[in-house]
Amino acid sequence: MPPSPRTRPPLHRVTVLDAAVELADAEGIEAVSMRRLAERLGVVPMALYKHVSDKEDLLDGMIDRVIAQFQPGDPSADPSADPSAWPDAVRRVLLSTREVVQRHPWARRVIETRTHRTPAVLAYMEAVTQLFLGGGLSPDLTHHVMHVLGNRIWGFSPELFNDPGGRPASDRPRTSGQPVPSDFPGILAIAADASARRPGATGCDEEFEFRFALDLLLDGIARLHASEWASPPL
1 MPPSPRTRPP LHRVTVLDAA VELADAEGIE AVSMRRLAER LGVVPMALYK HVSDKEDLLD
61 GMIDRVIAQF QPGDPSADPS ADPSAWPDAV RRVLLSTREV VQRHPWARRV IETRTHRTPA
121 VLAYMEAVTQ LFLGGGLSPD LTHHVMHVLG NRIWGFSPEL FNDPGGRPAS DRPRTSGQPV
181 PSDFPGILAI AADASARRPG ATGCDEEFEF RFALDLLLDG IARLHASEWA SPPL
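The working numbering numbers the first residue of the sequence shown as 1 and each following residue consecutively.
The set of hints was computed from the structure by calculation and includes no laboratory data. Bear in mind the structure is a predicted one, so any value in this text is a computation, not a measurement. One or more hints might be untrue.
[Claimed, not checked] Simulated restraints on C-beta separations:
(1) Glu-159 / Lys-55: 43 to 51 Å
(2) Asp-54 / Asp-140: 16 to 24 Å
(3) Asp-215 / Glu-126: 17 to 25 Å
(4) Ala-192 / His-51: 48 to 56 Å
C-beta: ideal position from N, C-alpha, C; glycine also.
From just these sequences and the hints, can you work out the full model?
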């Protein structure tokens, strides 16, 4: 039941955003609307517009509240004190970020649609950037490293044809035709090997794949740093 006007705490932006996060956690991001949120808070929908300007502002703010749970490390620590420790520091931060995002299954889809970098988004990106710069990586290499990591700094892998929303496949016939398995022997070999290694599994181990890719990238980045790599001039 929504709170009554007498028991309802004063409405603030954080109150509205936290209620939206709770609603999305419970029912999915599709359930989040100004009307449903107002009902949850026991106010009229127009009251929300004093704190969020529109749906996009609401979604930006919800991601900010998720970011507030990240642990990007101690900002007072000097990363240059042990320049060789940056791979472990990056790994620790990105894995802890992944744990937070996994607690909010809707967050990945919303992050992928954001076009506005809020101060909270930039602060987190700055914290990750400083882990590399503090470890002695050049601004040039760090620039390209951040591109390579991409969505992994937010705790998820950019998988092709992977639908995190879990929408069911359509039963309608495809005009493009149906694939013939024997035409794809490489994919069949990989699938057969994976099934033999993980009997009964219904798909890839996403947690393993994320950690595998992260370790592979960090190892390659460390080798480039050790070789004093620099991007070629234009």
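Checklist entry - Which earlier hints turn out false for this structure, listed by number in ascending order? => result Hint check: 1, 2 fail, others pass.
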